[in-house]
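Visitor: Protein chains in written order, with full-length UniProt numbering: chain B, 1 to 305; chain H, 1 to 357; chain R, 1 to 327.
Don't read these hints as lab results, they were simulated from the structure. All of these numbers come straight from a predicted model, not from anything done at the bench. C-beta atoms are modelled at their ideal positions from N, C-alpha and C, and glycine is treated no differently. A hint or two may mislead.
[Claimed, not checked] Listed next, with one range per pair, are the computed distances between beta-carbon atoms: (1) H176/H <-> W73/R: 58 to 66 Å; (2) H176/H <-> N174/B: 55 to 63 Å; (3) V103/B <-> R27/R: 46 to 54 Å; (4) L176/R <-> V103/B: 42 to 50 Å; (5) L256/R <-> P35/B: 27 to 35 Å; (6) G102/B <-> I185/R: 49 to 57 Å; (7) G21/B <-> P312/H: 42 to 50 Å; (8) N174/B <-> R27/R: 21 to 29 Å; (9) R165/B <-> W73/R: 40 to 48 Å; (10) V41/B <-> R78/R: 27 to 35 Å.
[Stated by the list, open to error] Residues from chain H that face chain B, not an exhaustive set, calculated with beta carbons under 10 Å: (11) A72; (12) R75; (13) G86; (14) M221; (15) E335; (16) G337.
[Unchecked claim] Here are a few chain R residues that face chain H, going by a calculated C-beta distance under 7 Å: (17) A49; (18) H51; (19) Y223; (20) K230; (21) T322.
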Amino acid sequence: MRNQLLFLRNGKVVTGLAILGFFTLLAVLGPWLSPYDPNQVSDALLSPPSATHWLGTDHTGRDILSQIIVGARGVLVVGLVAGVSATVVGVLVGVTAGFVGGVGDESLSALSNMFLVIPQLPLIILIAAQLPSAGGLTVALVIGATGWAWGARVLRAQTLSLRKRDFVEAARANGERTWRLVLAEVLPNLTAVIASGFVGTVTFAVLSQVTLSFIGITPVSEWNWGTILFWAQNNLALQRGAWWWFVPAGACIALLGMALTLVNFGIDEIVNPRLRSTGLHARSLRRRGIRPRVGFTPVVREVRS
Amino acid sequence: MSAGVETDPGVARDAGPTAEDPVLEIRNLSVDYGFGDDPTHVLRDVSLTLRRGEVLGLAGESGCGKSTLAYAATRLLPPPGLITGGEVWLTGRDGERADLLSLSDAELRAARWRDIAIVFQGAMSSLNPVFRIEKQIVDGILAHRPRMRREEARERAAELLRLVGISADRLRSYPHQLSGGMRQRVMIAMALALEPQVLIMDEPTTALDVVMQRQILEQVMELRERLGFSVVFITHDVSLLVEVADRIAVMYAGEIVETAAARDVYTRPRHPYSAGLLGSFPPLHGPRRELTGIPGAPPDLSAREPGCPFAPRCPHAMDVCRTELPVLGRTAQGEDGRLVACHLHTAGAPLPEEVGR
Amino acid sequence: MSFLLRRIAFYVLTAWAAITINFFIPRLLPGDPVTALLGRMQGRIDSNAEHALRVLFGLDQDATLWQQYLDYWGLLLRGDLGLSFTHFPTPVSEIVNQSLPWTVGLVGVATVIAFVVGSLIGTFLGWRRGTWADGLLPVATFFQAVPYFWLGLITIAVLSVNLGWFPSSGSYDRGLVPAFTGEFIGSVVYYGFLPALTVVLSSVAGWVLGMRNMMVTVSSEDYVTVAHAKGLAERQVMLGYAARNAVLPQVSSFALSLGFVVGGTLIMEMVFSYQGIGYTLYQAVSTHDYPLMQGCFLVITLSVLVANMVADLAYALLDPRTRTEDR
Ligand SMILES: Nc1ncnc2c1ncn2[C@@H]1O[C@H](COP(=O)(O)OP(=O)(O)O)[C@@H](O)[C@H]1O
Ligand code: SF4
Ligand SMILES: [Mg+2]
């Protein structure tokens, strides 16, 4: 309970969640919100932002704002599906490895380390390029299948340390079934780590998917922010100085990624209290003349009430 | 040995250097945790004097603020620790007195290790795992003697190891290659590198087994005789202190509640908390006592109640205890050289037998 | 030593796994892109090369899976990765050989620079926590969240298209003949500067944040407090004690994140049309040149494994605990 309150009091988390909420809204309501059909060509070829086209148009006169709004769904759905599938695999592998120990642990750890070391993006490209049709969902599943290893690694370490804690040992001594033990005692204590892994995977998935779309592996007719950049790159938006074509889409990706990172910072601060900076606001510290330093405790002789 | 020496009972609150030959005088030290609007006041006006050549024991349960006191006095308390008041006067070898809390960074750096060295709680983590023992000792020496040759410093390090009974070829070892007891000895050797006047030892033996504890204690006491430094010895184990300390200060909830000669605390405690503490540990020597312990746990310092912090656990708590904070003062018996902070001693009523022997 | 032996065993295993994945992908995935192409090449491709392609892509269905697997290994051990479709009939291994040095030069140098610079900045940020330096954190967070290739697009737009300071594509002046001359090397550095800068910009933030967090954690370790208690100079405590230890997890995560970082930086080659392995992979993807794609993946993976091993070696040198038997 306390942790949850702490979580929501954290400014970073609130900012992150607010941005995520905004994009979720776009993803759900996109087709109704967008001013034009993103595929609808017009006479306004490659025109800069104006009152009719807030973010300008592309080389065939399609409205870029509409592409971005409609594209939000593609990005979020892939992120979510990939995040969920990778997290499920990560939890299964990580918790099992941490809990069974011995040879099982060794081999599962080796497996996840392998998946970490093998460069994922080239692997995803290789798989996606050989699939007859690599639509958003397929790509999401491929990302999930290759991106679970980091979460598994962290979860294994946490499970290992949990396993040695008193309450788990006690439950085990009481003859609790293993799966009950895992469900009732271990998993609840891993929530923060699982959440952090999930958010991390979503970030990775979004970046990967956008990258794949950018290099033209996913169908270019499926709108997402990477597709916009694909069109921009292939139609020399850079050389033509059409900044409105590639800046907003990239900014949206960056904003979404930042929101996810902020949420993860909040989670990290819960897991590792040393990172918590409660009261460490530079301005208020300066006002009180405190310079927080390791090795030289600040001395502040204030008049006490 | 200054145990039992008659002193002015007003020492701790007096402003001047009154106690005979003090090396370290902590005056009204206050410490908070938290830089924000609602900090935890951990230490409140703590005063303590260490005399030259003396072993001063600091006792109290875990969480009473002993480590905080030691770290704050040397300004080593990590964030979010904040010193909100007080002075820490250190008398240098030349007799000059300086307030550690007002020194500049450079001056404080120079005084550290040279005048005042610390052996921290947990020798396991006090040594840097990636450096050889040699480098860690030599670094400390060279920081203060920049003109010394590395070779010389290395010889000094070897000498120090021998001093604590470790063969000099261990200099080339990494911390993880040493046993817990050896690591603690290395820390002690390292602390003595510059022949400091004050050695603060924070639970130096808590993690060790009883045999190792004894060995190390005896060694430190012997070195003290030989090198003549003063010691602040921190532990939660009062019966251990009785063996090694000249005087004992008992801490509870961030305050000193009793100071007296070690023997006096042991045989005639004046504060109910001291009495309770003595009942929690078996004596190392002498007749066995029944272990009673103190019910309950030390209070959460972030939510202090008014009155005596020990009141919820005290068998003799009175009404006044729940409203007024007792201050350190003379005992009801008017004994010299000891102070206690308990309303029993000012109430005028006869003392319970536990604290009135 | 057992640490290094264990690691080497792990890498051998991983290399085997990567090669095996490469063997199975075309066999497991639906669709058969190669047969059609082989049909089109009929007559222009000699039987040896055709056989190699059949082995690589699992079209030799008459052999058992095990036999296919052995054949596949046989090809790899001879360095035969098949023929490229687009650059027909150049062998894949030749194309890969030509592009790999460019990647090692660009991505390798830039990644190492990013690691060093990022760790230094992170050291400083972690040490100065609660001061104005914290203001740099949001900036780092932003750079970490930006997709690599987009940053590449922006730098091109600003530094190349608008200001005209750097060329926007290529890896050296096409008017020059590759040779070890000052002029040619200068041209390589000039052309490589922008892509390298983008790789550094986009990957540095991760190292900054990682190191900063490690510094915060390590700063409250007892041995750092002891270093202060010894009266060591601030610089010595910060670099010699705190950063020296904080960099350890940083190096091991360097090893683990190489795969990720390299993936991202390869895309950068695509943006800059830089003739490295990433660009080659891109071309292979856009021209459906499957043998080349497979070869690129294999070479990228093996290179990352080698880089990993180097990082592990560095770790072993930095942490004495890995050098003695487990304790
Ligand atoms: N970072 C912190 N924030 C808030 N309170 C703290 C912090 N560190 C220690 N404390 C509190 O300070 C008190 C004194 O701790 P400490 O000095 O370590 O006690 P001791 O050494 O006697 O066991 C404890 O009650 C503890 O809860
Ligand atoms: S002041 Fe009261 S509560 Fe506190 S120790 Fe004395 S008698 Fe007990
Ligand atoms: Mg302590």
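Visitor: If a hint holds in the structure, say so; if it does not, say that too.
Guide: Verification of the hints:
1. H176/H <-> W73/R: 58 to 66 Å: violated (42 Å)
2. H176/H <-> N174/B: 55 to 63 Å: violated (36 Å)
3. V103/B <-> R27/R: 46 to 54 Å: About 29 Å separates the Cβ atoms of V103/B and R27/R, which means 46 to 54 Å is violated.
4. L176/R <-> V103/B: 42 to 50 Å: violated (58 Å)
5. L256/R <-> P35/B: 27 to 35 Å: violated (45 Å)
6. G102/B <-> I185/R: 49 to 57 Å: Holds, since G102/B and I185/R (Cβ atoms, about 55 Å apart) stay within the stated range.
7. G21/B <-> P312/H: 42 to 50 Å: Holds: the Cβ-Cβ distance is about 47 Å, inside 42 to 50 Å.
8. N174/B <-> R27/R: 21 to 29 Å: violated (49 Å)
9. R165/B <-> W73/R: 40 to 48 Å: The hint (40 to 48 Å, Cβ to Cβ) holds, given that R165/B and W73/R are roughly 47 Å apart.
10. V41/B <-> R78/R: 27 to 35 Å: violated (53 Å)
11. A72: holds (6 Å)
12. R75: holds (4 Å)
13. G86: Cβ of G86/H sits 9 Å from chain B, so the hint holds.
14. M221: This hint is violated: M221/H lies away from chain B, its Cβ roughly 30 Å from the closest one there, beyond 10 Å.
15. E335: Violated, because the Cβ-Cβ distance from E335/H to chain B comes to roughly 33 Å (cut-off 10 Å).
16. G337: The hint is violated - G337/H has no Cβ within 10 Å of chain B, the shortest such distance being about 31 Å.
17. A49: violated (54 Å)
18. H51: Violated - the Cβ of H51/R stays beyond 7 Å from chain H, reaching only about 55 Å at its closest.
19. Y223: Holds: closest Cβ of chain H sits about 4 Å from Y223/R, inside 7 Å.
20. K230: Given a least distance of 4 Å, the restraint on K230/R holds.
21. T322: violated (10 Å)
This entry does not satisfy hints 1, 2, 3, 4, 5, 8, 10, 14, 15, 16, 17, 18 and 21, going by the numbered hints stated previously.
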